[in-house]
Amino acid sequence: MATSAESSLVSTESKSIADLAAKAAERFGEKVAVRRKVDGEWRDLTYAEAWEIVSEIGRGLIGLGIQSGQRVGILCNTRPEWTYCDLAIAATGAVVVPIYPTNSPAECEWVLGNSESVAVVCEDADQLAKVREVQERLPELEHVIVVDADGADEDSVTLDALRERGRGREERELTERAAAIGDEDPFTFIYTSGTTGPPKGCILTHGNYRGVLDMIQHVNVIQEGDTAYLFLPLAHAFALLIQLGSYDLGTTIAYFGGDPKQIIPELAEVKPTYFPSVPRIFEKLYTLVTSHADPDELAQAVEVGRRARPHLVAGEELPKELREGFEQADEQLFSKVRAAFGGEVRQCVTGAAPIAKEILEFFYACGVPVLEGYGMTETSTVATYSTVEEHRFGTVGKALPGCEIRIAEDGEILLKGPNIFQGYYKDAEKSFGAIEDGWLHTGDLGSLDGDGYLSITGRKKDIIITAGGKNLTPANLENGLKQSRWISQAVMHGDRRPFPVALLTLDEEEIVPWAKEQGIEGGMEAIVKDPKTTALIQEVLDDANANYAQVEQIKKFCILGEDLSQEGGELTPTLKVKRNVVNEKYADLLESLYS
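With my numbering, letter number 377 in the sequence shown gets 377, and the count goes up by one each step, no holes.
Honestly, the hints are just simulated from the structure, not real lab data. A couple of the hints might just be wrong.
What the hints assert, rightly or not - Once the Cα atoms are required to be at most 30 Å apart in a straight line, the calculated BS3-like pairs of lysine-lysine come out as:
#1 Lys-320 with Lys-336
#2 Lys-284 with Lys-460
#3 Lys-556 with Lys-284
#4 Lys-555 with Lys-461
#5 Lys-336 with Lys-357
As the list claims (entries may be wrong) - Label pairs and their in silico Cβ distance ranges:
#6 Pro-498 with Pro-531: 22 to 30 Å
#7 Lys-31 with Glu-567: 33 to 41 Å
#8 Gln-538 with His-292: 20 to 28 Å
#9 Arg-137 with Thr-175: 30 to 38 Å
#10 Ala-125 with His-292: 37 to 45 Å
Here the structure is a predicted model, which is why all the values come from computation and not from measurement. Glycine included, C-beta positions come from ideal geometry on N, C-alpha and C.
Let's have the full structure, built from the sequences with the hints guiding it.
Here it is as structure tokens:
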């Protein structure tokens, strides 16, 4: 296995993101760029074929009158057309404005209006309807393009028609536009989903993302022959970087079929080597695999796997004292876990939210390394990395080459490098994301060890200070609770209160079969109110509390009747909890826990 110093891949050497697709076609021509599901079958598209589509869309946009520097929105689920439009918009010199497909019409209005977008690409009739509902309040918006032709209306342009328009123009028009783009020109305005306040548009330049692509090549994050399975929203910086990195290094992206319930079956079909995800997917898989296992046997197997993996990664023979136990654990457990991911995964990456160390250690032992990095939209996605050869569980890895990390006196993480954004569009707000002397103030709290590994200890805004003056970091206890098969979400509360309490939601897939065994009838409402459920969750809480000092322990809890969701406004599109929304929505309930 190649180490981070032995990257075998050669990049496109693109000057910017504007010429990335053209350079990828030149260098990787017949390599597979895209794998997508059509009529139940996986079909491939080469880099040369992808560039033809990108070029036609780009020339079509020029035909519509789109000028360099103007903003063009994309309101679409993760699919190949998102990528084609993204790269085409960039090639014209226009600025890409991603919009989460889960956004409400009002949220779409905010992003399109704040960015002054002149055009938007909508996926289908449902997304088009959102735009039509608010379009009269968007005076800058002139063009609406629809990907799925059967979802278009008479005032919109289908993507096929746009491509046809583009075929009538010379490719030279597009390549000249791309050649004129410099490092300082904006590539994308990514609106942070935000756990507080309206989203802010992060201005990210071609130089920002070209710099990050150079960084990840040097540490061999993506390797020769990789296939990444992508289901994450491309409106989020995490998925965007996977897309750009794949194009820059000539690897394959397999786009999920569109149904979140089919992610696990599709992993088995695609057999990816690289799987980027958010913690919730790994938490669910962990619960699925471990919920019925004997805790002592599981712990023993994980310990054997943890000790064996470094030898296997280094290509060494296992010591005798490990071999028998490892082979038994591999047959009974590890191989089944690998099979759940398709059997070929070299590395998974988790980001966007914290994940429990125990879950990472479990998957590593099984031969499915789930590794953390750290960054944010304001750092053009990423600032630290981990690899199979270089990682330390409980940390988010080391700084990427060219990125610097400093810990401020109050514990805040400060970052500097070519990946730092250019500020928020039309927003002079300076509390979070302020850049002073080149250092980005992240709002996160952390520490650096002697080897340069960064640990995240909390978020300045999330720190709970009890009435007794004790500072508490809620994420740690919340993660401990979410390891239970019964609990879906946990939100700790207690700022300026005498003690911490928690709001909990139940994992319906797990709790309903249990309730039937207990003779509890009447659906989730009855399950939540039943004393047997309360006793079950109290046991989970007692176990989680046992790892913390008395003053840090959650003293009371309440089980909510429904899970937190994006639709309810409590979760961001990357499934982070909006604490302020939860605290406001359940204010009376929280108050009752203290009365």
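How the hints compare with the structure:
Restraint check: the Cα-Cα separation between Lys-320 and Lys-336 comes to about 24 Å, which is no more than 30 Å; the hinted pair holds. Pair hint Lys-284 plus Lys-460 holds up; C-alpha atoms about 28 Å apart against a cutoff of 30 Å. Between the alpha carbons of Lys-556 and Lys-284 the distance comes to roughly 25 Å, so the proposed pair stays at or under 30 Å and holds. For the proposed pair Lys-555 and Lys-461, the alpha carbon gap of about 22 Å is at most 30 Å, so the pair holds.
Restraint check for Lys-336 and Lys-357: the C-alpha separation of about 21 Å stays at or below 30 Å, so the hint holds. Taken as a hint, the range 22 to 30 Å holds for the pair Pro-498 and Pro-531, whose Cβ atoms sit roughly 26 Å apart. Between Lys-31 and Glu-567 the beta carbons are some 40 Å apart, a value that agrees with the proposed interval 33 to 41 Å. Checked against the hint of 20 to 28 Å, the pair Gln-538 and His-292 passes, with Cβ atoms roughly 22 Å apart.
In this structure, Arg-137 and Thr-175 meet the distance hint of 30 to 38 Å, their C-beta atoms being roughly 37 Å apart. A hinted range of 37 to 45 Å for the beta carbons of Ala-125 and His-292 is consistent with their spacing of about 43 Å.
The structure agrees with every numbered hint stated previously.
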